[in-house]
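For this one, chain A is given, so just place chain B on it according to the hints.
Number of protein chains: 2
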Amino acid sequence: MTIDDHHSRLAALRAELARRGLDGFLVPRSDEHQGEYVPARAERLAWLTGFTGSAGMAVVLTGRAAVFIDGRYTLQARAEVSDRDYEFLHLVEDPLISWLVAAFPCGGRVGFDPWLHTVNWWEKTRPKLAKAGIVLVAVGDNPLDAVWSNQPPPPLAQVRPHALSFTGCPAEIKRAALAETLRANRVGAVVLTQPDGIAWLLNIRGGDVPRTPLPLTFAIAFDDCRVELFIDRCKLGPDLAGHFGPGVTVHPPQALGAALDRLGHERLSVQIDAVTAAVWLLDRLVAAGATIERATDPCALPKACKSAVELEGARAAHRRDGVALVRFLHWLEGAVIRGGVNESAAAERLLDFRREGELFCDLSFDTISAAGPNGAIVHYRVTAASDRQLEPGSLYLVDSGGQYLDGTTDVTRTIAIGVPSAEMRVRFTLVLKGHISLATVRFPIGTTGSQLDVLARRPLWDASLDYDHGTGHGVGSYLSVHEGPQRISKRPNQVALRPGMILSNEPGCYVPGAYGIRIENLQAVRVCKASAVGGQAMLEFETLTLAPIDIALVEYGLLSPTERDWLDCYHRRVRETLVPLLEPDAAAWLETATRALGIRR
Amino acid sequence: MTIDDHHSRLAALRAELARRGLDGFLVPRSDEHQGEYVPARAERLAWLTGFTGSAGMAVVLTGRAAVFIDGRYTLQARAEVSDRDYEFLHLVEDPLISWLVAAFPCGGRVGFDPWLHTVNWWEKTRPKLAKAGIVLVAVGDNPLDAVWSNQPPPPLAQVRPHALSFTGCPAEIKRAALAETLRANRVGAVVLTQPDGIAWLLNIRGGDVPRTPLPLTFAIAFDDCRVELFIDRCKLGPDLAGHFGPGVTVHPPQALGAALDRLGHERLSVQIDAVTAAVWLLDRLVAAGATIERATDPCALPKACKSAVELEGARAAHRRDGVALVRFLHWLEGAVIRGGVNESAAAERLLDFRREGELFCDLSFDTISAAGPNGAIVHYRVTAASDRQLEPGSLYLVDSGGQYLDGTTDVTRTIAIGVPSAEMRVRFTLVLKGHISLATVRFPIGTTGSQLDVLARRPLWDASLDYDHGTGHGVGSYLSVHEGPQRISKRPNQVALRPGMILSNEPGCYVPGAYGIRIENLQAVRVCKASAVGGQAMLEFETLTLAPIDIALVEYGLLSPTERDWLDCYHRRVRETLVPLLEPDAAAWLETATRALGIRR
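Same order as they appear, the protein sequences are chains A and B. To convert, note that position 347 of the first sequence is 341 in my numbering; the numbers rise steadily by one, no gaps. To convert, note that position 192 of the second sequence is 186 in my numbering; the numbers rise steadily by one, no gaps.
Okay, chain A solo, but in the shape it has when bound:
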């Protein structure tokens, strides 16, 4: 693909806009479900501009065009996108609205695809543009699709039942609980737009996007337990015939509009999540006469609270993932000594080890395999151009995870290649102290992740350091590796942590141009058994991830006795759990890698 191709695509889109009488058009990097991973068909931003990052928006006007990207993609966008055709702007710091207002001093008509923008975005953006005389025009058929001659079709990956032995809860029970919630809120139906929520509700999995077993689909759930699923019938394998049961009916995707009209004609009160639902859905419901109730996707919270079976699956998946990681780290040590390991080869080898594990289906995201300065790029993905050797005196950061049928994993380890510097050891130890502080906290019912975030940061703050990302995200059960509604982050979040929720604990420290450090385990919320006399019921975390933390990077003197005990206990658990599952040489390596610090006190 050359810059010229993108230039002619831009010209073609402009011609199409002119034909339609539009002064501009918005091209976000999103699909109809606002998911993190999108199918090839929805890669409109990449097709038009060349930019392949996972977030961003292009705005095409008659005489100007711009790409809006966030800080992590500044360099990538400039490498991928022609600066003759596009201006480069920051998604947050240079807001779209002021750019449009400056571009259209006398007002204008800017088109957008109402399937690709959320209700919340639209309601915030529209009035601000309206003040400046700029009208946002919802365009029924996307003009970019009209000029994208070989646009891929919608994905048609097989949808499979997800067995009760993995979910622990029949779909009938989930549907009944959802219906009860709807009745309690006096809502007749809810439009479900999130594929992971629908997959959870109906105990199905698909394969329409990379890295996450999602069936791209919409559904309507009613207060009488019925669910209407809108999906191409050819995606449903024969084993789904008996899976759904009588309460679930399957309809072609094209039937969704008519189904929404019916909700309106019946004057139902219909619930929708304005944060994730496309404008198109709300418009259609309102036009049909439905009463709209806005509320968070009702699948999000119950999906986040894993069943006992899902938690047992997560533990098992983490044992297999731990075996793969130990084999990888053992291999890595030898490979570095033999010389000639680069980032892409390491990532490949790790994938090979994971593939050997039972129930492994896919990675849960593209592996971050980052040597030296690449480790400081938080969202780094190795390319042929960026691929680096793992060199002595550097740090190697590997953030990776697997999709197993019984659980989703996500783990980061930072490894000393050769002898690390004193600064590396001190900062790694500060990150570890933060990780331990969050891993060991006991907290009252009602506590949110926002309240706990500071625990992971404080040791870094004490050294005037910090990291510019969240501390923990929710993780699905053979579903999205990033899921809500809970989060451990500086940003306020009102969702209390509940037993069964799985979250990452991943503080870090980054020195641009030099190295990156991150330590990430997944941990599940559970009720604390040992409550003090006279105290209240408390919650705590159970660490799920099983992989050694590189003790060559631990500055023992900076750890308190309690912190040393935590590390020793964690390493003993890793050792005792994984050694029986390993071949002798990897087992011996793990014995050494997890030796107690006590002997060096």
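In short, the hints are calculated from the structure, not lab data. Check each hint, because a few of them may be wrong.
For identical chains, the list gives no copy identity; a pair is met inside one copy or between any two copies.
[Unchecked claim] Result set (DMTMM-like, lysine to aspartate or glutamate): computed pairs, CA atoms no more than 25 Å apart in a straight line:
hint, residue 1, residue 2
1, K523, D460
2, K523, E536
3, K484, E87
4, K484, D64
5, K523, E570
6, K122, E260
7, K118, E306
8, K125, E287
9, K122, E174
10, K118, E222
11, K484, E536
12, K118, E81
13, K122, E287
14, K125, E174
15, K125, D226
16, K523, E306
17, K484, E30
18, K484, D460
19, K484, D462
20, K523, E417
21, K125, E260
22, K122, D360
23, K484, D456
24, K523, E577
Only chain B this time, still in chain A's reference frame:
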């Protein structure tokens, strides 16, 4: 006052409601400014029901009536209010709305005084009641005032200039900065409804309510630096003549309505804080044709960020307050030994010592002087009926503060009377660990109090304990002892801590029926001088309060070396600062009370 009097008042109010065709009326404990302290004239809830707590609402219907109070006032309300006349309901758990809906199955007309409810309250409450056919009727003249024959008149306390030597910033400069903010937000004027904000803006103080030097007044600030102040001229002393300067005009309170009308007629964009402004103001502005811009009171944030002069004043006030506290604690030790000290006598003696300090004007709130089980009542105020002796083997909790011309103080100390139990020592030490953790944190610019809250709680959480109140509130400069917008609390708060903000740090631990523990210092946010190499600019706290922490209650083994150092350093600072200001016997007592723990390690 007898129950019968309140019964006949209720009957009189009901007759008045019947005359006006109302099915009910709301009687909140609030005045026109929604302040924590209200003038006698606004004590309508107490006059009607007998309830004297600082928060609550009565609802009077034709055949039923209820008082809504929060958990801290359950017992007090039952003691003060007749259960023949009133039902008792929880302000949060038994919401007003569902009670009204149950009381009026066929709808009804419920009156409210639009001066006594905020815009936010009204906008949340009205649609919910409307769904059930209940109309909230704004009543122009309060029907309760019509039957309260000897209702006190509005307070007319003298308003005085607050000298530049205390404020550090001329009012002209504050007005110019405010006008600039308004222009930046394209707002023509702002209606200021918060007396402390107006007092700060114009560098004046008053005396219309107890414990806080507030002039009860409204103001309108314009984008050209002009301010219209609505206040009875007889409140302005002669020394105010030259104080205001040409940009400030004084108008009688009755002229406010016409002034709002004028804003509307001029089609101005008018800013108002919906969280604190009375419904009456919004209604009048809207009726007059003004465009309403909702935003937080623009005085709140600059008022919270103290000037260098205000901070210097706070340090000086805390030295004087520390002297008073040390004299009091020294006296208390002897008085307990001599026997026969009760809560009210202790509070009186503490006030006497504070009165000896220069620039002392008043207490900043009614002293909490709580012996034994009374210490577990977080909002305890001693009465003749509750007054307890300070007895051996108990804890005495004293939470108090002073209004000095150069600063407002607020300090809590918990003192062992006789020999404390092991449990008391352990829990006191956990509270102390939390206090130290928050006192010593270093944090990045942009951090909010909500993020830091957990630091004060974690040592208690580790023991399955917690406290059911915030950790820290903002404190004014010779103004409200509780001020926003910053707060250190479990509840989300988006306001970043900024240099110059003064906050309390007051974790606690309460055992109902037995004892209460709280340790409170005030601390100011400042830029951290010692930033690590390669790190970013950080903020930290400067502890302002100077008073010994009872080391008889410290379980040394539970403190880390760092925590012991903090306590020793703090005590050294208290000693070195206050000993030169004390008479010999109190100085000698302080030397002992602040001796280093190092010697007992």
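Evaluated hints:
In this homomeric assembly, K523 and D460 come within 25 Å of each other (Cα to Cα) only across copies, at 17 Å, whereas the closest approach inside a single copy is 33 Å. Proximity of K523 and E536 under a CA criterion of 25 Å is satisfied intra-copy only: 12 Å inside one chain copy versus 39 Å between copies. Within a single copy, K484 and E87 get their C-alpha atoms as close as 19 Å, which meets the 25 Å cut-off; across copies the closest is 29 Å, which misses it. Taking identical chains as interchangeable, the C-alpha atoms of K484 and D64 lie at most 25 Å apart only when both belong to the same chain, with a minimum of 18 Å there against 31 Å between chains.
Taking the shortest Cα distances, K523 and E570 sit within 25 Å of each other inside one copy (23 Å), while across copies they are farther apart (47 Å). Taking the shortest alpha-carbon separations for K122 and E260, only the inter-copy value of 24 Å comes in at or below 25 Å, while the best intra-copy value is 34 Å. Within a single copy, K118 and E306 get their C-alpha atoms no closer than 43 Å, and across copies no closer than 44 Å, so neither meets the 25 Å cut-off. Taking the closest pair of Cα atoms, K125 and E287 come within 25 Å of each other only across two copies (14 Å); inside a single copy the shortest separation is 27 Å, beyond that limit.
For the homomeric pair K122 and E174, the shortest alpha-carbon distance between copies (22 Å) is at most 25 Å, but the shortest distance inside one copy (39 Å) is not. In this homomeric assembly, K118 and E222 never come within 25 Å of each other (Cα to Cα): the closest approach is 31 Å inside a single copy and 35 Å across copies. Taking the shortest alpha-carbon separations for K484 and E536, both the intra-copy value of 22 Å and the inter-copy value of 23 Å come in at or below 25 Å. Taking the shortest Cα distances, K118 and E81 sit within 25 Å of each other inside one copy (24 Å), while across copies they are farther apart (44 Å).
For the homomeric pair K122 and E287, the shortest alpha-carbon distances inside one copy (24 Å) and between copies (14 Å) are both at most 25 Å. In the homo-oligomer, the alpha carbons of K125 and E174 lie at most 25 Å apart only across protomers (22 Å), although the nearest pairing inside one protomer, at 43 Å, exceeds that limit. For the homomeric pair K125 and D226, neither the shortest alpha-carbon distance inside one copy (42 Å) nor that between copies (41 Å) is at most 25 Å. In the homo-oligomer, the alpha carbons of K523 and E306 lie at most 25 Å apart inside one protomer (18 Å), although the nearest pairing across protomers, at 50 Å, exceeds that limit.
In this homomeric assembly, K484 and E30 come within 25 Å of each other (Cα to Cα) only inside a single copy, at 21 Å, whereas the closest approach across copies is 31 Å. Taking the closest pair of Cα atoms, K484 and D460 come within 25 Å of each other both inside a single copy (11 Å) and across two copies (22 Å). Taking the shortest Cα distances, K484 and D462 sit within 25 Å of each other both inside one copy (10 Å) and across copies (23 Å). Taking the closest pair of Cα atoms, K523 and E417 come within 25 Å of each other only across two copies (21 Å); inside a single copy the shortest separation is 39 Å, beyond that limit.
Within a single copy, K125 and E260 get their C-alpha atoms only as close as 36 Å, which misses the 25 Å cut-off; across copies the closest is 20 Å, which meets it. Taking the shortest Cα distances, K122 and D360 never come within 25 Å of each other, neither inside one copy (38 Å) nor across copies (48 Å). For the homomeric pair K484 and D456, the shortest alpha-carbon distances inside one copy (17 Å) and between copies (22 Å) are both at most 25 Å. For the identical chains of this complex, K523 and E577 are neighbours neither inside a copy (36 Å) nor across copies (54 Å), given an alpha-carbon limit of 25 Å.
The structure fails to meet hints 7, 10, 15, 22 and 24 from the earlier list, while all remaining hints are met.
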